[in-house]
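Trainee: Residues per chain, in single letters:
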Amino acid sequence: MAKPLTVIDKIWNSHAILEREDGDTLLWLDRHYVHEGSNHGFGQVAARKATVARPDLTFGIADHYVPTRGREHGAANAEIRHMIELLSTNTSQHGVNLFGLDDPRQGIVHVTMPEQGLTLPGLMIVCGDSHTSTHGALGAYAFGIGASEVAHVLMTQTIWQKRPKLMRIRIDGRLGPAINAKDLALTLIARIGTGGATGHAIEYAGEAIRNLTVEGRLTLCNLSIEAGSRLAIIAPDEKTIGYLRGRSYAPEGAQFDRAAEQWLALKTDPAAVFDREVVVNAREIEPSATWGISPEQALPINARLPDPDRVPDENRAQAIRAALDYMDLKPGMAMNEIPIDRIFIGSCTNSRIEDLRAAAAVLAGRHAAIPGLVSPGSMLVKVQAEQEGLNRIFTQSGLEWSDSGCSMCVGMNGDIVAPGERCASTANRNFKGRQGPGARTHLVSPAMAAAAALTGRLTDVRPLLEGRAP
Amino acid sequence: MIPFITLEARACPLPMANIDTDQVIPARFMKRPRSEGGYGPYLLHDFRFDTNGVQKPGFAMNDPRYQAAEIFIARRNFGCGSSREPAVYALVDYGVRCVIAPSFGDIFASNAIRNGLVPAAVSDEDAELLLQSGSVLAGQPIRVDLADQKIYAGNLVVDFVIPAQWKARLLNGWDDIDMTRSYADRIETFATGYQRENPWVVPRR
Ligand code: SF4
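Chains as they are written, first to last, in my numbering: chain A, 1 to 470; chain B, 1 to 205.
Treat the hints loosely; a few may be bogus.
[Stated by the list, open to error] Okay, the calculated bits of chain B under chain A, using three or more residues with CB under 8 Å as the criterion:
id, region
1, 16-25
2, 63-77
3, 142-148
4, 187-194
Treat the hints as calculated values from the structure; they're not laboratory data.
In this text, a Cβ means the ideal position worked out from N, Cα and C, and glycines have one as well.
Sequences are here, hints too, so could you generate the full structure?
Mentor: Printed below as a string of structure tokens:
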């Protein structure tokens, strides 16, 4: 009998061209996504006077530096404009497809590519961005790479990799009302640590994962890199198929049906062995937020901040002190007393239509106590949200509604949080200065960001949803 | 790429965990071309300088003992976060050739290898010993021997771990792209067969 395999092994094996003596495998890549930050990779191609091997499998998108407010006035400054233009020049020079600044499909790479049906189950996908783990939500083997690897992929459409170790995270049971994939991810990262899955590829399984929508799965896989895992995957099921049918670049008609059959067969064999298994009970998950400067510094909304003087491990105590100090918070303080100055709803983690609906459900008919920015994940999400009237809910509550891009997740386009300001953000990183020098970030779900907007502090969203559709 | 065999140099102790690549080089500097003066000046910029661009005296990189350090020592999960290779460029351009830590972000480590920077993984205990070692704190050179996978700091000798593939590449100064190109025929044969059997893998448009 054939050796039982995981879904991760199966995709790996179907893309392995050859194995070198030292154990590195040369893998074939179905898709390569590039963005403004890929300029170093293109630079290396130019330095070798080489060409792009498979421009038909390479897709560019402008997201990190694009303006989100007043797009008609152009980029914030000449340096930023240059980054966007550089991407256009590089892609057009090599005949690479581009969703540029003026394309109606423009958006954040990890939102647009699934939305366009470019990300499909069973494909091997890379992008010079760590959150490429997102695409695993559709059953693809997708991981982030660095600039030298980008250059290698551009020139060869392949990559050398060593087989990752395997980790399965099973979430048993059902998530409670108003608890979502973001709460789940933050809880997981807090439990296993930011290095907890380093060197591993994760497969998510279990009842709570099956019950997540595709959008929730995208959020969960997106955050897997914050636990150190370069890739995470959820085996395709009927929901995956339903999400992909009819998407622009996905196969059509009979070819789609044949592909779907192949996709549904992509499952981990029951006897397959993982190097590590983690089991979590979904009922233990509560609405959560980060309080510190690492995604692992997350707690349930009704908890209190840790007291470093009571932590026996001196290194850990030191890390807590450094975080409290940067965040200007006191040991033992209640999470839901932490004041918030502004909110940001956006980023490749939480800017899809379902995320915007979840925030709007909390905000409808209410007024925000603090300012905030809502940036949809793609221009198509923007159109859909406007058709559903979500934009009016945001603007009537006092929030700003903008175009699509990475925006305040990383501040590269000029959307930054002021020094010392405290922002409840639906993005994925609360690193020091991530949203701007001196900015303080609390990571939350879209519903929790909306709740914080209403009260001006971190707030349990559940009471605010009573009597409202979830 | 220049082969890496042994390195004898000063080490700069950074007793912190989770130094992410956003700290190693803040995003706002990545718009600058590397060709103009390199990324060394931006390395750990916000730890080194205050908002007025003045050196912060308490930070190790600003301490005279650790000037011209070619080795950095840190706690677990160095280089986690963003895949930005400019983090490695900043280290390399500053003159760093080896980072010693209990663990590294996966993408950071593979970026490092491609730029001749050694990510030397030691145990948590050994990282602490090195961070407190008299030679390190005195700014005396320590030695990293890649072939033997050992670090010598005064009387202290510790082992480090590095995957065999990476070690070979660093020792030989291999270039991946040339190696891959030598397999061009096999790649071509694979791709043709694979795409014929699975026509849906090619984008519809
Ligand atoms: S939204 Fe943020 S995390 Fe996502 S790709 Fe853009 S910068 Fe990276």
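Trainee: Please name the hints from earlier in the document that this structure breaks, with their numbers sorted from lowest to highest.
Mentor: 3
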